[in-house]
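4 protein chains.
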Amino acid sequence: MIKAERAQDPGIGSSFERPLDRLVDKDGSFRVQRTGGISGLREGFIALATMPIARLVVTFVCGYLGMNLVFGSLYMLIGVQHLGNADLTSLGGKWMSAIGMSVQTLTTVGYGSLYPNSPSTWTLAAVEGVFGILGFSLISAVIYARFARPTTRLAYCEQALIAPFKDGWSLQVRLANKRSTLLVEVEARMLMVMADVDEHGERLNYYNLKLQLDKVSFLPLSWTVVHPITAESPLAGLSYEELVARRAEVIILLKGIDEGYMQQVLTRHSFRYDEMVWGGRFIRAFSSSNGAMRLDLGKLSDHTLVQAPERLPKD
Amino acid sequence: MIKAERAQDPGIGSSFERPLDRLVDKDGSFRVQRTGGISGLREGFIALATMPIARLVVTFVCGYLGMNLVFGSLYMLIGVQHLGNADLTSLGGKWMSAIGMSVQTLTTVGYGSLYPNSPSTWTLAAVEGVFGILGFSLISAVIYARFARPTTRLAYCEQALIAPFKDGWSLQVRLANKRSTLLVEVEARMLMVMADVDEHGERLNYYNLKLQLDKVSFLPLSWTVVHPITAESPLAGLSYEELVARRAEVIILLKGIDEGYMQQVLTRHSFRYDEMVWGGRFIRAFSSSNGAMRLDLGKLSDHTLVQAPERLPKD
Amino acid sequence: MIKAERAQDPGIGSSFERPLDRLVDKDGSFRVQRTGGISGLREGFIALATMPIARLVVTFVCGYLGMNLVFGSLYMLIGVQHLGNADLTSLGGKWMSAIGMSVQTLTTVGYGSLYPNSPSTWTLAAVEGVFGILGFSLISAVIYARFARPTTRLAYCEQALIAPFKDGWSLQVRLANKRSTLLVEVEARMLMVMADVDEHGERLNYYNLKLQLDKVSFLPLSWTVVHPITAESPLAGLSYEELVARRAEVIILLKGIDEGYMQQVLTRHSFRYDEMVWGGRFIRAFSSSNGAMRLDLGKLSDHTLVQAPERLPKD
Amino acid sequence: MIKAERAQDPGIGSSFERPLDRLVDKDGSFRVQRTGGISGLREGFIALATMPIARLVVTFVCGYLGMNLVFGSLYMLIGVQHLGNADLTSLGGKWMSAIGMSVQTLTTVGYGSLYPNSPSTWTLAAVEGVFGILGFSLISAVIYARFARPTTRLAYCEQALIAPFKDGWSLQVRLANKRSTLLVEVEARMLMVMADVDEHGERLNYYNLKLQLDKVSFLPLSWTVVHPITAESPLAGLSYEELVARRAEVIILLKGIDEGYMQQVLTRHSFRYDEMVWGGRFIRAFSSSNGAMRLDLGKLSDHTLVQAPERLPKD
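Note that the protein sequences, when read in sequence, are chains X, F, C and G. Quick note: to get my numbering, add 19 to the position in the first sequence (first position is 1). Quick note: to get my numbering, add 19 to the position in the second sequence (first position is 1). Quick note: to get my numbering, add 19 to the position in the third sequence (first position is 1). Quick note: to get my numbering, add 19 to the position in the fourth sequence (first position is 1).
Rather than coming from a laboratory, the hints here were simulated on the basis of the structure. Take the hints with a grain of salt, since some may be wrong.
Note: identical chains are not told apart, hence a pair may lie in one copy or across any two.
Unchecked claim - Below, in silico cross-link-like pairs of lysine-lysine (DSBU-like), each with a Cα-Cα straight-line distance of 35 angstroms or less:
#: 1; residue 1: K185; residue 2: K229
#: 2; residue 1: K234; residue 2: K274
#: 3; residue 1: K318; residue 2: K45
Predicted model, so just to flag it, every value in this text is computed and none were measured.
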């Protein structure tokens, strides 16, 4: 029925023994479980550099408390009598001395109200001082790495629209930059995936969706990416029920340069059949006031419903 | 009247209910007010990394004083008697001890003339030491981020010139690199925006201006970007009054590679109708002496006035 | 015999007086011994930033111990009596004081149980403090540099296969990303090198191998790179014995963008004549389960053997 | 006489009132004196990050001594009696106490054998501690910046050769990578500048020199860049005397990707008329031994002299 030219597999694979839920998640990642991959220090560093800030703080606090506990225990094990000025009168005092010694060494503050006075405690202090410096260096590197890399956050409309366009219909998606740094030389590409499901699993078909405008020089406001549904479109002649049956998924790829970092960024987003509106028209999200442009990101998904034909036109 | 081909909207939008003041500011930024964007830690970091140095110093000094005040007050709250060696004889002495304790902990100097001698002060010191280390790490990261990223500073002439060129006329803009690092593989693009203003607001028309030379291999000296006004130019046949009436704005986009950082840079600049000289000729800004080239950035805007026709030629 | 068009020397050189073992090692590096190159601080830094983690730890521990030994000896040389509070009762006590002084200075902990009390020891302490700070700064920079740079780790099948493809045969290589960061816009290129060896040494011939698909948009799973053996292929009409005799080596070049770092990466891999299977078929390494894709990197080399003709078809 | 097509000015300028010595220096920089440029903190940072290592060490040592002298003097000015434990018995002792106080604060070691005991000294210590931390942070950033950026060092032959090539002649330049990191996807471009000098100054003519091979995939060994002198070459029909009279300068531009940093690098080099050999042939600089390639950078300029015609052939 569809005569649109198929695109080559973009590297995802085209046949699976069981149907996939969706190819691309809303955050742009692929749902892939990997076994046999590397999970070394670098992966740990990347995990720290990319985890949510709250989890990073918890991780860090636990690490800091843990280190002090470990080294404090070691001072206790060696014997607090090997620390100058230690409070030896009670177990509580001993622990306070041991933990205090650890704190002032790990942070390299070194008040000196407590100090090593035997080879064993000097050695432990020499080790802990290094752990402190290197640990905090690592934390600094993590902090820096979190900010030194551009991480584009694009806001997408919640639903793709089958929208009127000129004399016919189109598939429309609206997006805008959530961050305040400017994106320039932005290129968009739309890919449609439709599955043929049978008892052997699912076979995926990929189609490129031709865009009315696939490149803008700047992205200070919102951008509506439009795929006009012509006779060559894989959507031509389709009904909503067929989209559902064939588990249609529209993947949008965006490439641009983040001016704040002067570095290329790439993002992906996906709209599944149940995230499409069969007949809608976006309401403008930007305006002008006092001679300046004004963009309201909260309005990005706003649209009015319009009546769409049951089947999209074939020509 | 104008038969020049329109360019596609470069991503700014082409109709606004109220006229815009100008699209691109003199510093190359777009005047956009955004609501609903992200304003998280990253935005704070970028703000620190890009704010003027004087404001950064003030921010930092206030932060440092504030931190010492907060932690000093906390030591006061806990009671300075929990610090070894504290001066308990007077309120001034107590405050000096509390603030001094905070200073030596925050900077991790730790003289030890004052020191924690209770679980509560050890805990506070353990927290403050970490705040100190992380705070200064952040400052280091900010310092590094300020310098690690190329920020091209191009000097532009103050006014674009309608200048004689060969047998006809041209629109000329002159620019040079303010920094001492070299720009290479520099590409220029000129865009003209003219508005149709009516009671419904303003409709923007975009035109690409063809350049005589749109790429240079190096930019050690000044570069005069020239748009020859031929019959195809959107400027052909226009008078200065029409430029004003249509709120003409010339946007120049520059792309190049900063050799000091080996990274691509992008800049923008704009000349509004009131920043154009109707008849002028640039005076050379560079010369040679002792076998070397010599560039005087102070002369970049220097030009002599020449008589231009009321209306630019149509062919 | 072979009519395939030769490719130009890709920069390796095409005649050597003695045969080369292989051009590209399994880790993608070229086997080149260089004399007269630079070996400065930068090379040392790069060595630290790229050496295996275990060796880095050993290097660091030795450096730290060495520094403390050197500075400890210097304090002994000056005389420990110039340190306040030093234990002068025995040689062991003197050494403990000297080493302890060094430790607390190098780590900038500075307990102060020992302290300089003469111009000579103050000077030495001033020097050692700086060494400590700069040394640990360097270590921090090394740690950061290890993680800040994308280092793609691609898993390749152990052997290239001469595999059935459509109605004929092909050369196939399978690869996948070992890291969890995604590679996008991946381009592959295959190059074949065959030598003519005679008494004057060896003459290398380079051939580009045309690929069925040389670009994928994403690489979340495994990718089988296929060179169909058509009449134009340099492999057409060849037998395995000729591959061995001509010391055939297939070099595969991969270019892509690492999404975790948003930076371009380049890798190389090579399969020598003795790493090719004359007749094999890859067993799929990915599947789907619970609606998600699943990749098993351990299966990347898995293949079944098939019967291949003695000589590859000529058309 | 020369019918070769002129290239457009690559951005250097084409007329000067007095002759230039040379356009591009042997280190690839342009000889430009600039007035009116920016000379802010960034330029200072770049200066530190790019100056020779010996000068950086001297700068750093002077800065460190200077800081200690300044803060030591300030402690003297305030009065050393405001420091706990200070040696007040002699002027030398006072100075030792002041300088020692500064040293332990600036390095944040903080032995505490000396300590602030008045608001004035606490304030000064609070300031100096911050100066210390930030100063050393800056030094760390400089160290990191020195290594984090690829700085290609290409070795070029000392003289360009007019060398036999096939049945005719060519202009040849040989180069190799001095660093151990690999350059890939290397592109070369050759530009020739010849001047017409008269009483009004000098007018420069630019010509592109067509290369036999302008791109190599890898650069593990040496590469001889060859411009064959055909009838279209600007060198066709020229004699050495004309090269001298017209102050010929050959500029070679190299672009590639540094695999160690995965970043693009650009370099330039220039050969003036007095750095050309009229008749020479390069002696090979690489060989093979034990199955590996071997490159001797010391042989890069080695050539034998051959007899060249007085005038290069015209066709």
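Identify every previously stated hint that the structure contradicts and give their numbers, smallest first. none
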